[in-house]
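Could you slot chain B onto chain A? The hints should help.
2 protein chains.
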Amino acid sequence: EDIKKGDLVLEKGTCIEPQHIAVMASVGCNEPLVSKQPKIGIISTGDELVEPFEYPAQSQIRNSNAYQLIAQVQRAGGTPNYMGIAEDSEEVTFSTISKALEENDIVLLTGGVSMGDFDFVPDIMAKAGVDIKFRSMAVQPGKPTLFGTFDQHKFIFGLPGNPVSSYTQFELLVRPLMLKLMGIRELPKPVKLPMGATYKRRKSVRKSFLPVMIREDGKVYPVEYHGSAHIHSYVFANGITSVDIGKETLEKGELVDVRPI
Amino acid sequence: EDIKKGDLVLEKGTCIEPQHIAVMASVGCNEPLVSKQPKIGIISTGDELVEPFEYPAQSQIRNSNAYQLIAQVQRAGGTPNYMGIAEDSEEVTFSTISKALEENDIVLLTGGVSMGDFDFVPDIMAKAGVDIKFRSMAVQPGKPTLFGTFDQHKFIFGLPGNPVSSYTQFELLVRPLMLKLMGIRELPKPVKLPMGATYKRRKSVRKSFLPVMIREDGKVYPVEYHGSAHIHSYVFANGITSVDIGKETLEKGELVDVRPI
Chain A
1 EDIKKGDLVL EKGTCIEPQH IAVMASVGCN EPLVSKQPKI GIISTGDELV EPFEYPAQSQ
61 IRNSNAYQLI AQVQRAGGTP NYMGIAEDSE EVTFSTISKA LEENDIVLLT GGVSMGDFDF
121 VPDIMAKAGV DIKFRSMAVQ PGKPTLFGTF DQHKFIFGLP GNPVSSYTQF ELLVRPLMLK
181 LMGIRELPKP VKLPMGATYK RRKSVRKSFL PVMIREDGKV YPVEYHGSAH IHSYVFANGI
241 TSVDIGKETL EKGELVDVRP I
Chain B
1 EDIKKGDLVL EKGTCIEPQH IAVMASVGCN EPLVSKQPKI GIISTGDELV EPFEYPAQSQ
61 IRNSNAYQLI AQVQRAGGTP NYMGIAEDSE EVTFSTISKA LEENDIVLLT GGVSMGDFDF
121 VPDIMAKAGV DIKFRSMAVQ PGKPTLFGTF DQHKFIFGLP GNPVSSYTQF ELLVRPLMLK
181 LMGIRELPKP VKLPMGATYK RRKSVRKSFL PVMIREDGKV YPVEYHGSAH IHSYVFANGI
241 TSVDIGKETL EKGELVDVRP I
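Here the protein sequences come in this chain order: A and B.
The C-terminal residue of the first sequence carries number 261 in my numbering, and the numbering is unbroken.
The C-terminal residue of the second sequence carries number 261 in my numbering, and the numbering is unbroken.
One chain only, chain A, in its complex shape:
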């Protein structure tokens, strides 16, 4: 065959796909050294939440974020550890966050980090020993996104409470960190593709991340998207593209960066 003794057949940090299994089998590599899958704690916050199997009273909504995050964590190769809905009290929030940081490599909180009455979560994180690196980002959706570290080697994200923002920030921030922790050498990079239709927005003070569809013609089309509460916009999306600060239009034919999802 085409392999000689002493050849390097797979680089350290390769994400193992079926074709790599064939290469390993052909050289008798039956016990490869692999990375541990990171354990990801997921905490929902907000007294307005009920679980999907419960019937919401008026002013309540079903918790969809946590289950979306569980699926995103699994797809990215991690082990999800759902810790439930933490009630809006300082004591419960503190103990839940402390327990989560102890048990997991990364903790994801959804909700509780924007500026409402009960958004005391960042202060509680600080009390629990989290070194908060930032509390918001100039992006849309996902402005109220918090990131901190704990004990040098643990990480915590406060993700926005709505599913579109939470989905997007997971893909943009959490997934790359998970791959890094697993020692994967090459992180997925955006691909440059042409716009198949023109996209316009009115405000341009934040960098915007848009759900898009990559169609068979190899071009990128915006999907119907009514803002960050529009959970349906991602049903037909197979990519995310971005519009920079100060930019209002993506012209038809213009090359844009797209991350397949």
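No false leads were slipped in.
Computed from the model, here is a short list of chain B residues facing chain A with C-beta under 8 Å:
1) His-20
2) Val-23
3) Asn-30
4) Pro-52
5) Phe-53
6) Tyr-67
7) Ala-71
8) Gln-72
9) Lys-189
10) Val-191
11) Lys-192
12) Glu-216
13) Val-235
14) Leu-255
Here are the in silico distance ranges between beta carbons for each label pair:
15) B:Arg-215 with A:Gly-129: 35 to 45 Å
16) B:His-226 with A:Lys-203: 46 to 56 Å
17) B:Cys-15 with A:Lys-12: 27 to 37 Å
18) B:Arg-75 with A:Arg-201: 34 to 44 Å
19) A:Asp-151 with B:Lys-189: 43 to 53 Å
Hints in this document: simulated from the structure, not taken from any laboratory.
We treat Cβ as the ideally placed atom computed from N, Cα and C, and that holds for glycine.
Coordinates of chain B only, in the frame set by chain A:
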């Protein structure tokens, strides 16, 4: 929110991704009706094969195909059922194939369907009740690919003995069939992307499937590929493109069909 009572939130036949989980959770759909995962029997044939954990004697090689197929089946959402290496005898081959057809929805045989001395497999399949639809295809790699049906609703493929051909034919034929059996509405379609470099081949009597790399510039580059035994060619590939019969060159800049893998 944006959903009214009576709205259809997800089409029948949707392949469930994390964003669909959020939609289902938000409407309290906790027990969705899902398709059964097809069970895929995998049989290796060939007395020259040893398992990857064994040390091959001269004239023997390690079985890499079956383990690659197991990984491909899992990635495509099926349940692999590895039935071992069937020795090159008519009795054993007959009983292994019969058992596999009974236990599984699809059977994949690797090796044994080209024109060598011991390639009695198609005759045995016919004896076992398989209605053979074709025994070869005008494609490269993967010419000796067999396809048959059994008992109306079961399917059997004889895949080529080398890993590159086996990999390619699985992606082109077996995976779409699995998705159909699972009732998935939209099969993955190739995307049109421009060639980033010129590709030439000498013979053009068969349709050729090439491993390619889709780079960050959104263009398609051929990967080094020395023919169907060159198992390493797919290590760096993230797509498959095709060259039609009669066509010798893909010009730089030409739009080609690419299936991401």
